Amino acid sequence: EPEVTQTPSHQVTQMGQEVILRCVPISNHLYFYWYRQILGQKVEFLVSFYNNEISEKSEIFDDQFSVERPDGSNFTLKIRSTKLEDSAMYFCASSDRGNQPQHFGDGTRLSIL
Amino acid sequence: AQRVTQPEKLLSVFKGAPVELKCNYSYSGSPELFWYVQYSRQRLQLLLRHISRESIKGFTADLNKGETSFHLKKPFAQEEDSAMYYCALSGGGTSYGKLTFGQGTILTVHP
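Protein sequence lines, in the order shown, are assigned to chains A and B.
Each residue of the first sequence is one higher than the one before, starting from 171 at the first, in the working numbering.
Each residue of the second sequence is one higher than the one before, starting from 636 at the first, in the working numbering.
Read the hints as simulated data drawn from the structure, not as lab findings.
Errors might be hidden in some of the hints.
Unchecked claim - No farther apart than 25 Å at their CA atoms in a straight line, the calculated lysine-lysine pairs in the DSS-like style are these:
no. : chain 1 : residue 1 : chain 2 : residue 2
1   : B       : 657       : A       : 212
2   : B       : 644       : A       : 212
3   : B       : 700       : A       : 212
4   : B       : 700       : B       : 644
5   : B       : 700       : B       : 657
6   : A       : 227       : A       : 248
7   : B       : 692       : B       : 644
8   : B       : 692       : B       : 650
9   : A       : 212       : B       : 708
10  : A       : 227       : A       : 253
11  : B       : 657       : B       : 692
12  : B       : 708       : B       : 644
Just so you know, these numbers come straight off a predicted model, no measurement behind them.
I would like the entire structure built from these sequences, with the hints used as guidance.
As structure tokens, then:
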């Protein structure tokens, strides 16, 4: 069964540095999402992406965050200048249509020092 | 605003006992409700969605619009059901596709 893949599984970065989290959605999916889960808290929506543009973003997704689909397969989340509070598990998800069930990746654990 | 509440962080039952994981939601329109499960060291995966009305791994969930609830039930719990369970809501309009999750409930089924 096709899966969403995320790399790296764990990223450790110094505060203030830029970080790029990578995702390869399922190949025929058109809708892409990023979520994050701070330790001990709920999974929170960050951003949805369709047709090469952001469909919706949450309050968390401020100017420090950006997403990109640089080619036909990858979907990236960039945090420009990381803060301690960005430490979390980041999940990528994809679906073939907007309100169809989303398939999640294993997540990237981001640790900011 | 969309909100999902799972009142129980932890739920323990014995094998063969019935189990009910509670989920309440707040949404002004017609939501779509899901249950996702995360087994130990595995990814979040869809367990069931309300519109499909199917039973997966013996679990069922009925959307009760009057009580704004979508409780997950299984008549006879198995040890392999031990996992984290998340209730999630997807709204319409501009929030089409965006999932709002509850806090999650850790279910432990004892032998």
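- Query: Does residue 248 (chain A) lie within 25 Å of residue 227 (chain A) when you go C-alpha to C-alpha?
  - Reply: holds, 14 Å
- Message: Just to be careful, I want the Cα atoms of residue 700 (chain B) and residue 212 (chain A) compared with a cutoff of 25 Å; is the pair within it?
- Response: holds, 24 Å
- Could you grab the alpha-carbon distance between residue 700 (chain B) and residue 657 (chain B) and see if it respects the 25 Å cut-off? holds, 14 Å
- Please work out if residue 227 (chain A) and residue 253 (chain A) have their alpha carbons no farther apart than 25 Å. holds, 19 Å
- Query: Does residue 708 (chain B) lie within 25 Å of residue 212 (chain A) when you go C-alpha to C-alpha?
  - Reply: With Cα atoms ~22 Å apart, residue 212 (chain A) and residue 708 (chain B) stay inside 25 Å; holds.
- Message: Run the distance test for residue 644 (chain B) versus residue 212 (chain A): straight-line Cα separation, threshold 25 Å.
- Response: holds, 11 Å
- Item | Proposed proximity, residue 650 (chain B) with residue 692 (chain B) (alpha carbon, max 25 Å) | holds, 15 Å
- Message: Can you confirm whether the C-alpha distance between residue 657 (chain B) and residue 692 (chain B) stays at or below 25 Å?
- Response: Judged against 25 Å, a Cα distance of about 18 Å means the pair holds.
- Message: Would the hint linking residue 708 (chain B) and residue 644 (chain B) be met if the CA-CA limit is 25 Å?
- Response: OK: residue 708 (chain B) and residue 644 (chain B) at ~16 Å, within 25 Å.
- Query: Has the given pair, residue 657 (chain B) with residue 212 (chain A), been kept, meaning a C-alpha gap of at most 25 Å?
  - Reply: holds, 16 Å
- Message: Next pair to validate is residue 692 (chain B) with residue 644 (chain B); report whether the Cα-Cα distance is within 25 Å.
- Response: Roughly 22 Å separates the two Cα atoms, so the pair holds.
- Query: Between residue 700 (chain B) and residue 644 (chain B), does the CA-CA distance stay at or below 25 Å?
  - Reply: Distance of about 23 Å is within 25 Å: holds.
Violated hints for the displayed structure: none, as all numbered hints are satisfied.
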